[in-house]
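Peer 1: Model the placement of chain U on the given structure of chain V, informed by the hints.
Protein sequence lines correspond, in order, to chains V and U. For the first sequence, numbering that gives the first Met the number 0 begins at 0 and goes up steadily by one. For the second sequence, numbering that gives the first Met the number 0 begins at 0 and goes up steadily by one.
Wrong hints could be hidden among the right ones.
[Unchecked claim] Derived DSSO-like pairs: lysine-lysine, alpha-carbon spacing no greater than 30 Å straight-line:
1) Lys79/V <-> Lys97/V
2) Lys241/U <-> Lys393/V
3) Lys177/U <-> Lys54/U
4) Lys38/V <-> Lys177/U
No wet-lab data here; the hints were simulated from the structure. Bear in mind the structure is a predicted one, so any value in this text is a computation, not a measurement.
There are 2 protein chains.
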Amino acid sequence: METIIKYPPQSTWESILQRPTQSVEAIESIVNEVFLAVKQNGDTAVAQYTKRFDKVNLESVFVSHEEIETASDAISEDLKLAIQQAKSNIEVFHSAQKTAKVDVETQPGVRCWQQKRPIETVGLYIPGGTAPLFSTVLMLAVPATIAGCNNIVLCTPPNSEGVIANEILYTAALCGIKTIIKVGGIQAIAGLTFGTSSIPKVSKIFGPGNQYVTVAKQLATKFGVAIDMPAGPSELLVMADKTANPAFVASDLLSQAEHGIDSQVILVSTDENMLLETENQIRIQTQNLDRKPIIEKALENKKLILVKSDQDAVDLINYYGPEHYIICTDNNPFFIENVINAGSVFIGAYTPESAGDYASGTNHTLPTNGYAKAYSGVNLDSFLKNITFQEITKEGLETIGTTIELMAEAEGLMAHKNAVTIRLKSIVDESK
Amino acid sequence: METIIKYPPQSTWESILQRPTQSVEAIESIVNEVFLAVKQNGDTAVAQYTKRFDKVNLESVFVSHEEIETASDAISEDLKLAIQQAKSNIEVFHSAQKTAKVDVETQPGVRCWQQKRPIETVGLYIPGGTAPLFSTVLMLAVPATIAGCNNIVLCTPPNSEGVIANEILYTAALCGIKTIIKVGGIQAIAGLTFGTSSIPKVSKIFGPGNQYVTVAKQLATKFGVAIDMPAGPSELLVMADKTANPAFVASDLLSQAEHGIDSQVILVSTDENMLLETENQIRIQTQNLDRKPIIEKALENKKLILVKSDQDAVDLINYYGPEHYIICTDNNPFFIENVINAGSVFIGAYTPESAGDYASGTNHTLPTNGYAKAYSGVNLDSFLKNITFQEITKEGLETIGTTIELMAEAEGLMAHKNAVTIRLKSIVDESK
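For reference, chain V alone in the conformation it holds in the complex (with noise of 0.2 Å):
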């Protein structure tokens, strides 16, 4: 069985790192259809979704503070000291990433300056389904919180019972998080994005979900609400070269690998061998995962690749653009410095993409898809707004003034020339 690709051309890496292709067509219609029933009838239509979709008739959709004592009472101290610890590592990190405002002066009498501003009212969206993403909680609240946000509304579904996972109300209570709604899916999107008797209207919608959300979160945008980033399946791609351990690097593969059966894993290396004993790695492995059936499907559409130089793995690698990118060769530097696009960078044999995921201090929400060309992973700044200021001294003007006049009158917007004429002759007038 051969499945390493020797050596492929340039013209041949579209095809060979072709993402998988989610067909929206068919969803569109629900989410324009939810979306126009909540923007009408606001809680009224939100409960109907939320009884047809998870299958609750919820007496309240606010979280209770006995809900979040009672799910704060249910999980291990050994377990709250990691989401501890793993927060104060975001915190740490995410906090490093204020920056002082800029201020300048351009040219005597004329200051500009840069300054940023939170984002008053955002949405925080949390999956539920099958496994309690808490983590996620983590990575938007807390660099929402430094950033100084106002209003902060978690939404997130219910289960058939109308519960929300103890994790995930845990972690939301650490962080401060004072509006946590019961509310999931396309109705969540919706209510976020046009505001309900009980849900706020935000600004910003952040966070993972399924297709339906995925969607959702895209005609919000037309909505004028705006969103972190788009969303597509998660992917990891490894460049390991002879050096590399492929136990682990078969450990991370498979990591990815059972996030969903759309999941991409990609392995590039310069030896044949690398490949060869990964695979078998991934063999072993996955034997003993819970997620067997997952990884095996997500399984077959990874893509060994067999490179002829490090060069030509940095330009493979940039074309794709991955989310997820870990390198362990003995030329690491020289990968660090190439990197253009990649979500976020993983070096060396003892940092796995779960570090990332959970703990070390970065953020897990990331641009899949090729996004990485031109979106960065949620940050600090993704809660900021940058806003410029300028104060110009009448010398400034009287240095500047022409030279807008004359622009202006070539744009052929004599308003805007007048605005500076009418006040350098004022300047000339009082100097009479």
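Peer 2: Below, chain U alone, put in the same frame as chain V:
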């Protein structure tokens, strides 16, 4: 005639401050048509739509070296110097926005860092039409160049003689843009989205445009291309107390009004007399302006709002989130301190909006339509993306490993846990 809105209660803000709405339904079908055609037929389709919309058959869509030289010769030395001064100020302010690498050890042996990389390929869209908006060339090309974008593609529509305005060509060449393409409108955005033989596929599209271009940019995001920000009609809000100069204030409101009949101008004051005097000044100054018909139409929707206090003013202004915001009061520091939602802020009597539109150094590509609540205007970061990196030592993994294992297990992701376990085990085995 009573045009002043006195002390509006917060419940009325939504209707008072409503922005002109745009119906895009009709536009969407032609945008979809052009996208499909350009995707399928590339340059052939682009040429067909250029013929249909711009009424011209081009021999080549590329601007030649000769055309640039001819354009440069046709521009007055005065205007050249003005453009150069503006460019210099824009360079100073946008260069000052460079940030250092963020590099921290979140706990011993766990190093996380964040570093920016340029977006490799960007498209700059410059509108054509009656006025040649060469200032927008500066606002996009200068930060793209400072960011280090490798491939900068400028698209702008030709006139019916197949010609681009001299000022646009001169400015683009001055900024070092190598690829100037004579394609405008929907077909330009479609070309940049899919790529054609002539037009490179880009990762992000920047720039203003009419409703067709705006809807086309929105559609481009569905095909994996990022855009600078969604767009709406331009707007200005001036806060002026009794110490402001009504003639200056009027000149600024008029410079906003001349942009188009859907431009929005709002004047907020704590002083009724200031509102009345400014209204009078608007009447007087309008008489001498070239674009009187546009201005008068836009002014039909102007709002003059009287508020009780500076705090009321600030609340109303942040509720609106103006694109351009001029502050002319004797309490400017209070207003600066309390700005939460605005694109660009102009402070004091000698800082007209025109200064920032052209030459002071700030960018004029700004969030309209209330998008200032979530979006920044174009700045250096718009052309960069943040990549996170992490490197963990053996000792680091020994410290953080249990945390990752516990969290992965609680999320039901055992392969994530195993990626740590297999490494910790190997460290123990080694030390035996």
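Peer 1: Of the numbered hints stated earlier in the document, which are not met by this structure?
Peer 2: 4
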